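For the protein sequence lines, the chains are A and B, in the order given.
Taking our numbering, the leading residue of the first sequence gets 1, the next gets one more, and so forth.
Taking our numbering, the leading residue of the second sequence gets 1, the next gets one more, and so forth.
Keep in mind the hints are simulated off the structure, nothing from the lab.
A hint or two may mislead.
Copies of the same chain look alike in the list, so a pair counts if it works inside one copy or between any two.
Unchecked claim - In silico BS3-like cross-links for lysine-lysine, where the CA-CA straight-line distance does not exceed 25 Å:
1) Lys155 / Lys171
2) Lys96 / Lys149
3) Lys171 / Lys149
4) Lys203 / Lys144
5) Lys155 / Lys96
6) Lys88 / Lys144
7) Lys19 / Lys40
8) Lys203 / Lys136
9) Lys171 / Lys96
10) Lys88 / Lys136
11) Lys203 / Lys40
12) Lys40 / Lys171
13) Lys155 / Lys203
14) Lys187 / Lys88
15) Lys149 / Lys203
16) Lys149 / Lys136
Quantities reported herein were computed from a predicted structural model and do not represent experimental measurements.
Number of protein chains: 2
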Amino acid sequence: MRIITISREFGSGGRELGKRLAEAMGIPCYDHEIIELIAKENGFDENYVARVSESFLVSAYPATIGSHMLDYSMVNNVQLETQATQRKIIRGFAEKGDCVIVGRAADIILRDYHPLNIFVYATQEAKLARCRERAKEGENYTDKEMIRKMRQVDKGRALYHNLLMDEAWGKKESYHLCINTSETEIKSLIPGLVAYADAWFEKK
Amino acid sequence: MRIITISREFGSGGRELGKRLAEAMGIPCYDHEIIELIAKENGFDENYVARVSESFLVSAYPATIGSHMLDYSMVNNVQLETQATQRKIIRGFAEKGDCVIVGRAADIILRDYHPLNIFVYATQEAKLARCRERAKEGENYTDKEMIRKMRQVDKGRALYHNLLMDEAWGKKESYHLCINTSETEIKSLIPGLVAYADAWFEKK
C-alpha cells in the first residue's frame with residue numbers, strides 16, 4: 001500500500017505538490033474532497049468545515065453553522081465532531097488503496113499504514129509571493145495581514161497535529177522528507193519525487 | 001554548475017548518501033579528500049585535521065600536532081588556520097566543476113555557486129545502529145558513550161556552521177531538502193535523488 005501524506009506550511013504550495021505527485025503516480029489525491037464529505041455527512045456548511053477541520057481555532061465571536069448561530073462552547077463540540085468524522089473519512093480513503101492525502105494530520109491518523117510523510121515549506125517571502133499569485137479577485141490583504149494569516153493557519157495546524165500525537169508539527173524529525181519550495185517550480189520536482197516515493201515503498 | 005552539499009547528523013549516513021549520489025551522477029564527491037589536502041598543505045597530522053576541520057572543539061588537554069605539543073590558545077590559532085585552508089580548498093573544488101561536498105559548512109562557503117543543499121538526519125536509534133555497524137574492530141563504546149559522541153560532534157558542526165553564517169545548522173529552513181534515513185536503505189533513495197537534483201538544476 002502506497003500512502004503519501006503531505007503536511008505543509010500555508011502558502012508553500014503543498015497542495016499543488018500533492019495534486020501533481022498523485023497525478024504523476026496515477027493515484028487519487030484527497031484534499032478538498034474531505035471537506036465536502038464531512039459537510040455532507042454532518043450537514044454542515046463547507047466553509048465552516050474548512051475552517052475547523054484541521055485546526056483548533058479560538059473564535060472570539062459566535063459562529064454560524066448552516067443556518068444556526070452557535071456560541072463558543074457549542075462550536076467547540078461541533079468542531080470535535082467534525083474532526084472525528086474527518087478521521088473516519090481519512091481512514092476510509094486509506095482502506096480504499098494507494099493515495100496522497102494533503103494535511104489534516106493524516107501522517108498521524110494513518111500511522112498504522114506506514115505512509116511516506118512529506119513536509120512542504122518555504123521562506124516567508126516565497127509564501128507571500130505564492131499567496132499573492134493565488135489571491136481571489138477582490139482580496140486585498142497587506143503583507144502584514146497575509147503574514148498574520150499564515151501564522152494563524154499554521155499555528156492551528158500545529159495545535160491540531162500536536163494534540164493528536166505528541167510529535168511536533170513542522171519539525172523535520174516528524175517526517176521522512178522535507179521539501180523547501182522557495183527557489184523551485186513545483187512542477188519540476190515531481191519526476192524526482194515520484195522516483196523517490198517508488199523506491200521508498202519498494203523496499204518496504 | 002551542479003554543486004550539491006550534504007550536511008548531516010553524525011551517524012545518519014550522510015557520507016554514504018553523498019558518495020552514492022555523486023557516483024550515480026558521475027561527478028566527484030569530496031569528503032575525506034579535503035582532510036588529506038589540508039594536512040598535506042599545512043603539514044599537519046590527518047587525525048588532527050579531521051578533528052578540528054569542521055568543528056570548534058574546546059579541548060581540555062594539550063594537543064599534539066605532528067610532533068609538537070601545543071597549548072590551547074595555540075591549538076585555537078592552528079584550528080582557525082586549518083579552517084581557512086579548508087575554505088580555500090572547498091572553493092577550489094567548486095571552481096573545478098560539478099561535485100558533491102560532504103559537510104564542512106560547504107553550503108555556506110559555496111553560497112555564491114547556488115548549490116543544492118541537502119540535510120541528512122535520522123532517529124537516535126537508527127544512528128546508533130549505523131554507528132554499531134560501522135564500528136572499527138576493538139571499538140567498544142556503550143550506547144551512552146556513543147550518544148554523547150554524536151551530540152558532541154553535531155554540536156561542533158553546528159557551532160562552526162553558525163559562526164560562519166547566522167543560519168541554523170540542522171534547521172530545515174537552512175536547506176533545500178531534508179532526508180530522514182531512519183527507515184530506509186540509503187542505496188534505494190539514490191535514483192529518486194538523482195532525478196530530483198537533475199530537475200532542480202535544470203530550472204536554474
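A quick look at each hint next to the structure:
For the identical chains of this complex, Lys155 and Lys171 are neighbours both inside a copy (13 Å) and across copies (18 Å), given an alpha-carbon limit of 25 Å. Taking the shortest alpha-carbon separations for Lys96 and Lys149, neither the intra-copy value of 35 Å nor the inter-copy value of 46 Å comes in at or below 25 Å. When the C-alpha separation of Lys171 and Lys149 is checked against a cutoff of 25 Å, the pair qualifies both within a copy, at 20 Å, and between copies, at 23 Å. Taking identical chains as interchangeable, the C-alpha atoms of Lys203 and Lys144 are never at most 25 Å apart, the minima being 46 Å within one chain and 31 Å between chains.
Taking the closest pair of Cα atoms, Lys155 and Lys96 never come within 25 Å of each other, the shortest separation being 31 Å inside a single copy and 45 Å across copies. For the identical chains of this complex, Lys88 and Lys144 are neighbours neither inside a copy (37 Å) nor across copies (42 Å), given an alpha-carbon limit of 25 Å. In this assembly of identical chains, the alpha carbons of Lys19 and Lys40 lie at most 25 Å apart only when taken from the same copy (23 Å versus 52 Å across copies). Proximity of Lys203 to Lys136 under the C-alpha cut-off of 25 Å is found in neither arrangement, the shortest distances being 43 Å within a copy and 28 Å between copies.
In the homo-oligomer, the alpha carbons of Lys171 and Lys96 never lie at most 25 Å apart, since the shortest distance is 29 Å inside one protomer and 36 Å across protomers. For a Cα distance limit of 25 Å, the shortest separation of Lys88 from Lys136 qualifies neither inside one copy, at 32 Å, nor across copies, at 50 Å. Taking the shortest Cα distances, Lys203 and Lys40 never come within 25 Å of each other, neither inside one copy (39 Å) nor across copies (42 Å). In this assembly of identical chains, Lys40 and Lys171 lie within 25 Å of each other by CA distance neither inside one copy nor across copies; the values are 34 Å within and 41 Å between.
Taking the shortest alpha-carbon separations for Lys155 and Lys203, neither the intra-copy value of 35 Å nor the inter-copy value of 33 Å comes in at or below 25 Å. With identical chains, the CA atoms of Lys187 and Lys88 are never at most 25 Å apart, being 31 Å at best within one copy and 36 Å at best between copies. Taking CA atoms no more than 25 Å apart as the test, Lys149 paired with Lys203 passes in neither setting, with 40 Å inside one copy and 30 Å between copies. Proximity of Lys149 to Lys136 under the C-alpha cut-off of 25 Å is restricted to the intra-copy arrangement: shortest distance 15 Å within a copy versus 53 Å between copies.
Checked against the numbered hints given earlier, this structure breaks hints 2, 4, 5, 6, 8, 9, 10, 11, 12, 13, 14, 15; the rest are met.
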